[in-house]
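> Here are the chains, one letter per residue:
There are 2 protein chains.
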Amino acid sequence: MKICIIGTSGHYVYALRGIKADKSSEVVGISPGCEGENIEKLISQVCELGFKPKVYDNFREMLAELKPDIAVINTFFYKNSQIAIDAMYRGINVYIEKPVATTLQDLNKLIDAYQKTKVKLSTMFGIRYTSHFWTAYNLVKGNQIGEVRLIHAQKSYKLGIRQDFYKRRETYGGTIPWVGSHAVDWIYWFSGKKFKSVFATHSKMYNNRHGDLEVSATCSFTLEDEAFATVNIDYLRPQNAPTHDDDRIRIVGTKGIVEVVHGKVFMLNESVNGLIEVPLQEGPVTFYDFIKEVRGEGNCLVSADDAFYVTKACLLARQAADENRIIEFE
Amino acid sequence: MKICIIGTSGHYVYALRGIKADKSSEVVGISPGCEGENIEKLISQVCELGFKPKVYDNFREMLAELKPDIAVINTFFYKNSQIAIDAMYRGINVYIEKPVATTLQDLNKLIDAYQKTKVKLSTMFGIRYTSHFWTAYNLVKGNQIGEVRLIHAQKSYKLGIRQDFYKRRETYGGTIPWVGSHAVDWIYWFSGKKFKSVFATHSKMYNNRHGDLEVSATCSFTLEDEAFATVNIDYLRPQNAPTHDDDRIRIVGTKGIVEVVHGKVFMLNESVNGLIEVPLQEGPVTFYDFIKEVRGEGNCLVSADDAFYVTKACLLARQAADENRIIEFE
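Taken in order, these protein sequences are the chains called A and B. Those letters in the first sequence? Residues 3 to 332, by my numbering. Those letters in the second sequence? Residues 3 to 332, by my numbering.
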């Protein structure tokens, strides 16, 4: 597989991980996705893996010349869907930063391109692949807690000093889509249920001069079968905290409860004695399973439909927060 | 202080704890609050404390004859406010089960009686007095985490087999007021902020033949200053779990984060190194501080205004869930 990487503003390391695991893929080209995007670190990371990628200023020129099998796209967030569409109409499969679009219009254009081009598409919901989330997922899917009834998910990040494009809604997209999309993805993935409605809130107060960037947010989803899910999102994790993020989920079912916290998995159910810590299972490797899907070997854990559905849910949640109302899903 | 206890369907043990701590108070009378309410266990617990209470069938007769200083009221939930009003018009101070009323109409009648009679009133928000919640409260009030921006509170209970009055909305009041009122109280108490609006959800699915009783619920409060709070409530804790309940709160501030989980308190802030467990402080004794307030010695931790405000918030949250809409506070 020939792979090009466009941009460095997101989780391209997920792609590097998969490329390393695959061994028979190669990074052939690198470019920024937007003017002014620094790609120095990406170049050195790719060279460290033993590749000799051609470096371009312009991604279109790169895609035209190198005709890669897969484009990895993670530039300033508002540009990702547009670049993906460009690549897709060239017949190139795309692995896109999440959320896959920052407006509903852009999302619809992306879905349209996907349907027309029939390329493969996945997105960077890399937390699904961590051993703790993978283990928890398998407990829920293995019916250890019965029917899912109530979920709470937490995303907590350090703010630090963010690049300028984070400071404008138009270029950043908002904190519910950017940070919250992981949590919304877990809810969808763990429950296997469609969303019926969402209410949400967000605030940019105390954002340390980060313009439009919201540093606190909540979502409240009503799912099929009267299952409910809430999300807490913040950028208020102290700078001296031991990790950048504090990702958690608690899933309450009719027969038990599963939690992920501090990278560990805990379970209570009717057949175990007390609260147990569950040994972690290794899951698939992020992006490697997308490479395999492109080769025709099985399906990627994060489908194109998942990418579209979760992105839409995040954009509706953002709208609910902007407009202080409940939004029903179609 | 002469104390009468009416009913056994709630947390009268909070009162017994305070009476034991006080040493100069006495339980002089006991009665059921509703026909058919079993008070055998209460009688034996009070006698074990060395008191010889007179036992009545009818609380009115008891209050008229014994003229206690304080009535402890915890019968079938829908009756508590009516009995309290009866006692208040006799000039008796009241310590009432939470929520202090199960309808807005009853709440308004209770507030009216409070204003007219000028007796003392408090409610059974006993979790404030536990050493873990008390310690966390003092960290927040001691400015260890800056301004409160985001709160998530959890109440998780075992369902078991509940008495019949739990199975009807009219007699039970609903799970958001009954179970959730603690969480709503913590949010109000920790943040010190008024509520601006609430959205909520609840479901009685999978309630094991408990009629109207909701076994899963969420609340989403918007507070003053764009602070937000969510609540998860469930009765789905497995029967073999190590404790009846799993009470938690996480409070995110502008300078740090405090959490209560599994009876412990954890904190992250800019001046401590990593996530620390905070040694527990003993707080005041539940009900004992109400006895002292009645004697004119200081103020009870749970004021009458707190009782009314949190009850109203719970009843509006229940209404938001019933009607699937956002309700603004006046």
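Quick caveat, the hints were computed from the structure, so don't treat them as lab data. Some hints could be false.
DSS-like, lysine-lysine: derived pairs with alpha carbons at most 27 Å apart [unchecked claim]:
| # | chain 1 | residue 1 | chain 2 | residue 2 |
| --- | --- | --- | --- | --- |
| 1 | B | K195 | A | K143 |
| 2 | A | K206 | B | K257 |
| 3 | A | K160 | A | K111 |
| 4 | A | K160 | B | K294 |
| 5 | A | K25 | A | K56 |
| 6 | B | K143 | A | K206 |
| 7 | A | K160 | B | K4 |
| 8 | A | K169 | A | K120 |
| 9 | A | K195 | B | K25 |
| 10 | B | K195 | A | K160 |
| 11 | B | K160 | A | K266 |
| 12 | A | K196 | B | K143 |
| 13 | B | K195 | A | K198 |
| 14 | B | K4 | B | K143 |
| 15 | A | K257 | B | K111 |
| 16 | B | K25 | B | K266 |
| 17 | B | K206 | A | K257 |
> Run the structure past the numbered hints and jot down the numbers of the failing ones, going up.
1, 3, 4, 7, 8, 9, 12, 13, 14, 15 and 16
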